[in-house]
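First to last, the sequence lines map onto chains Z and D.
Under my numbering, the residue at position 440 of the first sequence is numbered 440, and the numbers go up by one with no gaps.
Just so we're on the same page, my numbering is the position in the second sequence counted from 1, plus 1000.
No lab work stands behind these hints: they were computed from the structure.
Some hints could be false.
To be verified - Straight-line C-alpha distance at most 27 Å; calculated DSSO-like pairs for lysine-lysine:
no.: 1; chain 1: Z; residue 1: K128; chain 2: D; residue 2: K1332
no.: 2; chain 1: Z; residue 1: K381; chain 2: D; residue 2: K1437
no.: 3; chain 1: Z; residue 1: K627; chain 2: D; residue 2: K1437
no.: 4; chain 1: D; residue 1: K1323; chain 2: Z; residue 2: K350
no.: 5; chain 1: D; residue 1: K1332; chain 2: Z; residue 2: K449
no.: 6; chain 1: Z; residue 1: K128; chain 2: D; residue 2: K1412
no.: 7; chain 1: Z; residue 1: K457; chain 2: D; residue 2: K1081
no.: 8; chain 1: D; residue 1: K1226; chain 2: Z; residue 2: K837
no.: 9; chain 1: Z; residue 1: K381; chain 2: Z; residue 2: K459
no.: 10; chain 1: D; residue 1: K1437; chain 2: Z; residue 2: K457
As the list claims (entries may be wrong) - Quick list of the computed label-pair ranges, beta carbon to beta carbon:
no.: 11; chain 1: Z; residue 1: A327; chain 2: D; residue 2: K1050; range: 56 to 64 Å
no.: 12; chain 1: D; residue 1: F1054; chain 2: Z; residue 2: G127; range: 27 to 35 Å
no.: 13; chain 1: Z; residue 1: N107; chain 2: D; residue 2: K1458; range: 39 to 47 Å
no.: 14; chain 1: Z; residue 1: Y744; chain 2: D; residue 2: K1458; range: 23 to 31 Å
no.: 15; chain 1: D; residue 1: A1247; chain 2: Z; residue 2: E55; range: 55 to 63 Å
no.: 16; chain 1: D; residue 1: D1446; chain 2: Z; residue 2: A327; range: 27 to 35 Å
no.: 17; chain 1: D; residue 1: F1054; chain 2: Z; residue 2: F171; range: 35 to 43 Å
no.: 18; chain 1: D; residue 1: H1442; chain 2: Z; residue 2: F171; range: 52 to 60 Å
no.: 19; chain 1: Z; residue 1: G127; chain 2: D; residue 2: D1274; range: 41 to 49 Å
We put the CB at the ideal spot given by N, CA and C, even for glycine.
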Amino acid sequence: MLKHGESTKPAKAIIKTLTLSVMVGGLLLMQDVASRATSQEAGKEPSREEIEFFEKKIRPVLADNCYGCHSAQAKKLMGQLLLDSREGMLKGGTSGQPALIPGDPENSLLIKAIRYTDSKPQMPPAGKLPDQVIKDFEQWVKMGAPDPRKSQTAAASTDWQPYDFNEAKKFWSFQPIKDSSPPQVKDTAWVKTPIDNFILAKLEEKGLKPLGEADKRTLIRRATFDLTGLPPTPEEVEAFLNDKSPNAFEKVVDRLLASSAYGEKWGRHWLDVVRYADTAGCNSDFPIPSAYKYRNYVIKSFNEDKPYDQFIREQIAGDLLPSKTEAESFEKLIATGYIAISRRFGSRNKEFHLTIDDTIDNLGKAFLGLSISCARCHDHKFDPIPMRDYYALYGIFNSSRYAFPGQEIYPHPADFVALASGREAERFYSYQKELTELDDRKEFLTAEKGYAARNKKLKQQQAKPAQSTASSETKAANEQKGSPNHLLRGETASDPKPADFDRDADNWSRAAKTTRMPEEVEAELREVRARIAQLHDNPVKVEKAYAVVDGYAHNARIHRRGDRNNLGDEVPRGFLTILGGQKVPADYKGSGRDLLAGWIADPKNPLTARVMVNRIWQYHFGQGLVKTPNDFGTRGAAPTHPELLDWLAARLIESGWSVKKMHRLIMLSRVYQLASAHDPKQAAIDVNNDYLWRFNRRRLSAEEIRDAIMAVSGTLDRTMGGEHPFPPENTWRYTQHEPFFALYETNRRSLYLMQQRLKKHPFFEIFDGADQSSITAPRNQSTTPLQALFLMNNAWLHEQADQFAVRVGMAYDNWRERIDYAFRLAYGRPAKDEEIKEAMAYLRKVREELQAVKTAPDRLRRASLASYLRVLLSSNEFLYLD
Amino acid sequence: MTLSNSPIPRRQLLRSLFSGSIMMPAVFAHLLAADGRAMELGEDNPLAPKRPHFTPKAKRVIFIYLPGGFSHVDSFDYKSKLIEDANKGRLYQGRRVLLAPLWEFKPRGKSGTMISDLFPHIAECADEVCVINSLRGDHNDHYQATLGIHTGSVTFKRPSIGSWVSYGLGTENQNLPSFVVLAPQLPYAGTQVWDADFLPAVHQGTRVVAGEEPVPNLNRRSPSAKIQEAELSLLERFNLRHQRSRAHDSELAARIKTYETAFGMQQEMPEVLDLSKETEATLKLYGLERGQRTGFGWQCLVARRMAERGVRFIELIDVGASKNWDAHSDMKSHQPLARNVDKATAGLLKDLKSRGMLDETLVVFTTEFGRTPTAEGDYGRGHHCYAYSSWLAGGGIKGGIVYGKTDDYGMKIAEDEVHVHDFHATILHCLGFDHTKLTFRHGGRDFRLTDVHGSVVKAILA
């Protein structure tokens, strides 16, 4: 999440950036020229420390403040002075003196200039550099001005790395997985699976004694919520109690894993990780009607126990994987919805680099447990991730094409992929393309209108027409006009566009060159509007996917300080250096996403399997073996059981990446089946239960609460969710002033509720639903008065309790059995005698009170029972899992 | 804090509630034991009042935010040259048409602070107010700039300033949320404006809307008060029984307690919103008719009542994401919007002052950006984040001064830039915080409201 700094660019920096943006990238070339031209100076090579000093403290300042006027790439070279090579510095400019004298800051012109003393020149002209920077330069000159730019080729100069990777690799999470055998324990009878060896060995080492096992009722309730997110039915509980066979629990686990509810529950966990939402997150929060296909793909993948490595490959590069059938290829396209659901920003589609950042941020945390996006603006401060590595990944995604949901200024969806073929697909693509181009043309004309008004004023003021000053460039721009549908954005082979292409800036900058008069522009604008309306009236509908496919394959250049207008070196597309540093070959056809997917899903990658087993463990136990599931870097928590983590990772890989087998392995262990009670002796040693001497009690998640309430009330519709009832695309007029906001209620499971990026569903807002904008794990478990108010007064809850009353009332004709049934449904246990007595007294009393407030006589029983059941549904026994 | 208008003593309320209930005399004993407001709240209550880093001047904040971007050159930033050149038809840098303000500026109060007739009532309070004319934001789009003034970030989701203050100070009245937002409509970026984001959810702003149900699920739905009492009483019994075999689980205990708080809120919130006991003179001060339950006057008076009852951060938003201060086509549209907020805001300042509360209440009056000194179309102005105005008053702030200067036209900052981060740092300072130390560990990093920036504007501190 280290994405700060984005917000604060002082005016000065912006101005500097503008002047610099053009030339910095030419640095590489310049170095090459310089180094070939210069005979190597005698003397020692700069040491690693010296190079580091230069790279961290000198080079960025030169690039940001000086190269704009003093480099080979400067638009206009000032004073004949080149500061982008050591040679240039030693040679100096028109003054005839060297800009610096190594070892002698007092007589170095460069130092004098940046000190801003009375003598001229004072540099940089935009204002004095901070004192610390000036001190750095003085020190650097004193050191002899060590400068790797003099003695190395361009390629070599970029080999400088801010980290010692050999050293960095010693960190535990970058070490290969060690598949050590389970340790010996004293109490061998306690061990059910090898997992227990690891757990018990630690407990024994710490002098901790585990609690006994949970009773069968607790266990089946725990396992059922855990695997399906639903409460066990009274019949399931009874069947388990009556099954005296030694593998009774195993049968329960297998039954649950085979149920379709399993994929809904664990699919939802994954949706937390990938910050799934049904809207884009841009200023107007455009809906994405086809996003649900990715959601359902995730559910299906878990239900089918799709190997996790395959799951990774499909989500990152499904479009590039071979398929046997068309249906299979469509499913893999849908899988890339993982990349497409990256967050969108702004109103004008200008901030696509932030969307790519969001992709990289999530990819790093979800699969690798690394905060890669910290390296967007600077080398990662804590983990060995240089900016170069960030932009190596950036290049891969910038070479891809993301489906575009539409935005305030460019409101039509673009680049969606048809789940159809032949003519049907072609018709859709031409429809989509035409609307996209019309959006561009419309914005171009909107911009042009302003400039045309200027032209008219100038024409009125001057005797000569404005056109006389038109440059050839302007004329060329004008020649583009014509019928709108073959204009502009239409990407051609000769003019490919990267994903982060700023179509808005493009439209506006071209419009600025216009020589037309307002009338002409207005006329065309009317035409464009009419054509859009015509297309709206005749929509071409097709099944489509919010997907990602390959685009213009090319390497990215570093955005200095995260500023996309301040470009640095080009870096080849590739993977993180610390994880192998594989590169996309220069002649590779395509973005390289398929290669990236392979590097991540590689069993030799030390992080992928570890991160995934840790997530599975965390969802079972409420805490991971690594407590920071999204940060396996140096700032994350160290594993409490490193050997177990590795052993599990090795088993995951060995099983062919089967997630269901991992569940079985974990759940059949003794440690999963422990009671959740308290023990002051153990708590005194391990108050946080890091070593798992007991099971962690937990509150039900938001989805579990809602689903369980509906399940026991008998109102839950178990149908899988499909598309949300969004308004049709051709009616969308969303803006930041009137953004898309909607609530679509349903009796289906909670994961099928429409989830917006900009506005949480009120229920999820109250009960800690997932964050739809960034990776969630683990969920918060807050306890707030607003939750209590919901359970006391919410209309939906009152309705559910009423339905619950009907269900219980219809099932039995006497109160004793009704109350008992309610307990079995809600708590998974029969009611005790005292509880039944209490209930009877309560119902009587409430009926009296209901009569007093003139409730219709035929509603008395139902209303009193509903009142009682509200209490059941808001009680801790219902809301917590032992 | 003042509790003169406090509702019936809670102890008494609880006693009458539960002694009349069906089951459980033990319940109210338990609740009574917990009844000591802040005193007995355990450390694990994230809303327990906390001490800031140093002794603060202000105990709470009333944060007035006007969506759309009100014009600085029409309100608080007097530019004689802009008026002069605009009237002569001179262009800005030979290219852009200058537009003169529609409202006349006059020196106000003893201090002589220049404020225009757009805000004649606020102008009467000039000696309380510190006008900042050199505020600077990072983005010229409403959505991003709105998040900027609230969270410090124009790009990423971050906790709101109100959530940070709640996180840092807790709250004095456990029956009311610590961070309340009075907003008749949703502003740009919707509920993100008061989202706690990665801070614990209890610090999220609670939106209160005038009307039948000011807070979702606030109104009793059980058929009668007695039945609700019975339900709560039985629930307590269930939960205590459940807890018996699960002692030492502070979360279970905390949840039991939330019902007490929720019940308290159900009782106290309507009372806070009930203005019937306010005097005619007070209503008049805010420009309110008796019985009126809408408008900014209502919001301001409710804000004062909340401030009295210990709410920590009260945000007032006058209008929503459309039909607001975004005067692209005609600056005249500022007039009715100003009329809506002017008298009420001034009334709030005067009322707080007369009750001796202004010294400990920081009042903030701000927007997401200013407007261009040049014209958009013939009569409107565009977005302008490079220099704009806001003001602060009350706890910790020197009144009757103007800080920061723009150039002759109000286009660029000429002196003493106050970046939004500096603005936030200063607000936190008034509340007793070193903004660099009010941090929250999230995703491996310590986050703060001011990111890695911000410095306190010392010159405006009392």
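Tested hints:
1. Z/K128 with D/K1332: violated, 43 Å
2. Z/K381 with D/K1437: Holds: Z/K381 and D/K1437 sit about 20 Å apart, inside 27 Å.
3. Z/K627 with D/K1437: holds, 25 Å
4. D/K1323 with Z/K350: holds, 25 Å
5. D/K1332 with Z/K449: Since the Cα atoms of D/K1332 and Z/K449 sit roughly 25 Å apart, the hinted pair holds (cutoff 27 Å).
6. Z/K128 with D/K1412: holds, 20 Å
7. Z/K457 with D/K1081: Cα-Cα ~25 Å, so holds.
8. D/K1226 with Z/K837: Holds, at about 21 Å.
9. Z/K381 with Z/K459: violated, 57 Å
10. D/K1437 with Z/K457: violated, 56 Å
11. Z/A327 with D/K1050: 56 to 64 Å: Between Z/A327 and D/K1050, where Cβ atoms are some 59 Å apart, the hint holds.
12. D/F1054 with Z/G127: 27 to 35 Å: holds, 34 Å
13. Z/N107 with D/K1458: 39 to 47 Å: holds, 40 Å
14. Z/Y744 with D/K1458: 23 to 31 Å: violated, 52 Å
15. D/A1247 with Z/E55: 55 to 63 Å: holds, 59 Å
16. D/D1446 with Z/A327: 27 to 35 Å: The hint (27 to 35 Å, Cβ to Cβ) is violated, given that D/D1446 and Z/A327 are roughly 49 Å apart.
17. D/F1054 with Z/F171: 35 to 43 Å: About 39 Å separates the Cβ atoms of D/F1054 and Z/F171, which means 35 to 43 Å holds.
18. D/H1442 with Z/F171: 52 to 60 Å: Since D/H1442 and Z/F171 have Cβ atoms about 22 Å apart, the given range 52 to 60 Å is violated.
19. Z/G127 with D/D1274: 41 to 49 Å: Because 57 Å falls outside the window, the suggested range is violated.
When each numbered hint is compared with the structure, violations occur for hints 1, 9, 10, 14, 16, 18 and 19.
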